[in-house]
Amino acid sequence: MPFSLTPKDSSFYPLFTASAQNLVAATDVLGEFIHDQARRGPLADKLRELEHVGDQSTHAIFRQLNSSFVTPFDREDIYNLASDLDDVMDHIEAAADLVVLTGLGALPAEMAQQTALLQRAAVTTAEAMPRLRSLKDLSDYWIEVNRIENEADKLYRRLLSRLYSGEFDALEILKLKEVADQLEEAADAFEHVANVVETITVKES
Amino acid sequence: MPFSLTPKDSSFYPLFTASAQNLVAATDVLGEFIHDQARRGPLADKLRELEHVGDQSTHAIFRQLNSSFVTPFDREDIYNLASDLDDVMDHIEAAADLVVLTGLGALPAEMAQQTALLQRAAVTTAEAMPRLRSLKDLSDYWIEVNRIENEADKLYRRLLSRLYSGEFDALEILKLKEVADQLEEAADAFEHVANVVETITVKES
Amino acid sequence: MPFSLTPKDSSFYPLFTASAQNLVAATDVLGEFIHDQARRGPLADKLRELEHVGDQSTHAIFRQLNSSFVTPFDREDIYNLASDLDDVMDHIEAAADLVVLTGLGALPAEMAQQTALLQRAAVTTAEAMPRLRSLKDLSDYWIEVNRIENEADKLYRRLLSRLYSGEFDALEILKLKEVADQLEEAADAFEHVANVVETITVKES
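Residue numbers (our numbering), protein chains in the order written: chain A, 1 to 205; chain B, 1001 to 1205; chain C, 2001 to 2205.
Derived by calculation from the structure, the hints in this document are not laboratory data. Treat each hint with caution, since some may be false.
[To be verified] The calculated lysine-lysine pairs, modelled on DSS-like cross-linking and capped at a C-alpha distance of 30 Å, are:
1. K2136/C with K1203/B
2. K2177/C with K1154/B
3. K2203/C with K136/A
4. K2154/C with K1177/B
5. K154/A with K2177/C
6. K1177/B with K2177/C
7. K177/A with K2154/C
8. K46/A with K2177/C
9. K1177/B with K154/A
10. K177/A with K1203/B
11. K2046/C with K1154/B
12. K1154/B with K177/A
[Said to hold, decoys possible] Selected chain C positions facing chain A (Cβ under 10 Å, derived; list incomplete):
13. L2171
14. E2198
15. T2201
By construction, the Cβ of each residue, glycine as well, lies at the ideal position given by its N, Cα and C atoms.
If we strip away everything but chain A, and leave its shape as in the complex, we get (with noise of 0.2 Å):
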């Protein structure tokens, strides 16, 4: 693979906006997901596609780092940025398999707005992706995917009251847990992300 010659090389950010963008298609069909109990097999693969897809980024910018002789940020930032995001879609991918697999019903209303935070998270991530090119305007993003995880954080303890408050039992605890958990490790990545971003633009400033 030949090693790119421009200095500071521009090819990163298309494919951090697609990987963003990938999130929020995601998130939207996770939304769907959560409300259509009867179509969530076929969503379900969906999600096990964009997935594949969101790999693919993820390997695409990992190819390019190794062939690119200048990077516009440190390598290692290049490389969690997109780790972060990579992890955001296994997290997504992981609630709703883990939803099919305990054969879980109807879900807790809690969860459907967990995964409107997320919806929000990504879109907000998506539209944030392009400004890495300049690293300006950054920080009103990081200020609100970080608004948006603190919310994230309120509601899963809203969810975990819940379980606990005697309306289910153990083993419907523990299945409901897993996909809880999931949703809030999915709002944790989308700040790791912003944590990158706010590290790149603090180091270049």
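Assemble the complex: chain A is given as a structure, and chains B and C must be docked to it using the hints.
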């Protein structure tokens, strides 16, 4: 915000010390919380307040990082140190909150012992933070925190062993595990703080 | 401790190889442990010994790092490689210890399969470590470990699916999940090792 002109900005040290002293306060409140079942509500509120104080220290460090032209250590180490101190607080606050929201009553003696270890780790950490300035005499600190974390790990397994001994039903185990895991993760986070201090010292040596 | 004078200190390579070979020994003992219910006590003791051996390798690497003026790779990558190898061992030892302390009897076949994957990851890793010296022919290694981790992930989900199938009660599920999670985290930790090797190779390319 004006850039700092001192070549090695010294204003990070008091911020790290304040952050660690806040953990001393928090582990003390957690100690009372574990023992004094009647006052758990107001003590959990107190921990929430201390968490907000901690967040403010963390953000003061990040702002300082943004406005400093030259930093005493690598930017990422300052970032990690602040984040890991913040993590300790988050796990302590979460442990108390989970006791309240799962409606647990008296807690196993092992949890009081876990908390006592966290108190020791907090005091040790707070005493070490001012020595970041000279980077001298820090190895005793990280060795001690590693020792405490080892002890915490053994204690955590003893607690698990008890949880599964037949004394508790599945629902109680689930609730107690939520809390035990947060206490264990707080001990891990203290070790992460010590690891970052070790990394900084190794780099500067 | 005298500083090493060789410009690129070569004494790290045998330490990494020793650390990985120790994981080959540990995954072999874990294989016996899973199958041979009668000898679990002494085999868990054996794993505890191997964990101490691993700790000594890890600390030998850290001491070497402290006393080397020039290192073959970035200090933080050496640190991460040693820590991630150490993590694998911790999860393997914890898995066995949790089987003993929760008093589990016969284990699901999927756990033997998880262990077989860990054995393959250990052998692959131990074979790759000596190639760190030349940084050649390492991509096959990390691709293989990523493939193993993918397989481990699918197997873990199949195991979860079985755990929630109705075959087990809530208490048994809790106990089995403790063990399954440690085995899954050991597979993840092997992947982290491979990721660090990939990072080192990318930086040096």
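Structure-based check of each hint:
1. Restraint check for K2136/C and K1203/B: satisfied, since their Cα atoms lie roughly 27 Å apart, inside the 30 Å limit.
2. Between the alpha carbons of K2177/C and K1154/B the distance comes to roughly 19 Å, so the proposed pair stays at or under 30 Å and holds.
3. The straight-line distance between the Cα atoms of K2203/C and K136/A is roughly 27 Å, inside the 30 Å bound, and the hint therefore holds.
4. Of the supplied pair hints, the one linking K2154/C and K1177/B holds, its CA atoms being roughly 26 Å apart against a limit of 30 Å.
5. For the suggested pair K154/A and K2177/C, the alpha carbons sit about 26 Å apart, so the restraint of at most 30 Å is met.
6. Taking the CA atoms of K1177/B and K2177/C, the gap is near 13 Å; set against the 30 Å cutoff, the hint holds.
7. Annotation: proposed proximity of K177/A to K2154/C holds, straight-line Cα distance about 20 Å (limit 30 Å).
8. Pair hint K46/A plus K2177/C holds up; C-alpha atoms about 28 Å apart against a cutoff of 30 Å.
9. In summary, the hint linking K1177/B to K154/A is supported, as the alpha carbons are separated by about 19 Å, within the 30 Å threshold.
10. For the hint linking K177/A to K1203/B, the alpha-carbon distance of about 42 Å lies beyond 30 Å, and the restraint is violated.
11. Annotation: proposed proximity of K2046/C to K1154/B holds, straight-line Cα distance about 17 Å (limit 30 Å).
12. Annotation: proposed proximity of K1154/B to K177/A holds, straight-line Cα distance about 26 Å (limit 30 Å).
13. Interface hint status for L2171/C: upheld, as the beta-carbon distance to the closest one in chain A is roughly 8 Å, under 10 Å.
14. Hint on E2198/C holds. Least Cβ distance to chain A is approximately 8 Å, under the 10 Å limit.
15. Taking 10 Å as the C-beta cut-off, the interface hint given for T2201/C holds, the closest approach to chain A being about 8 Å.
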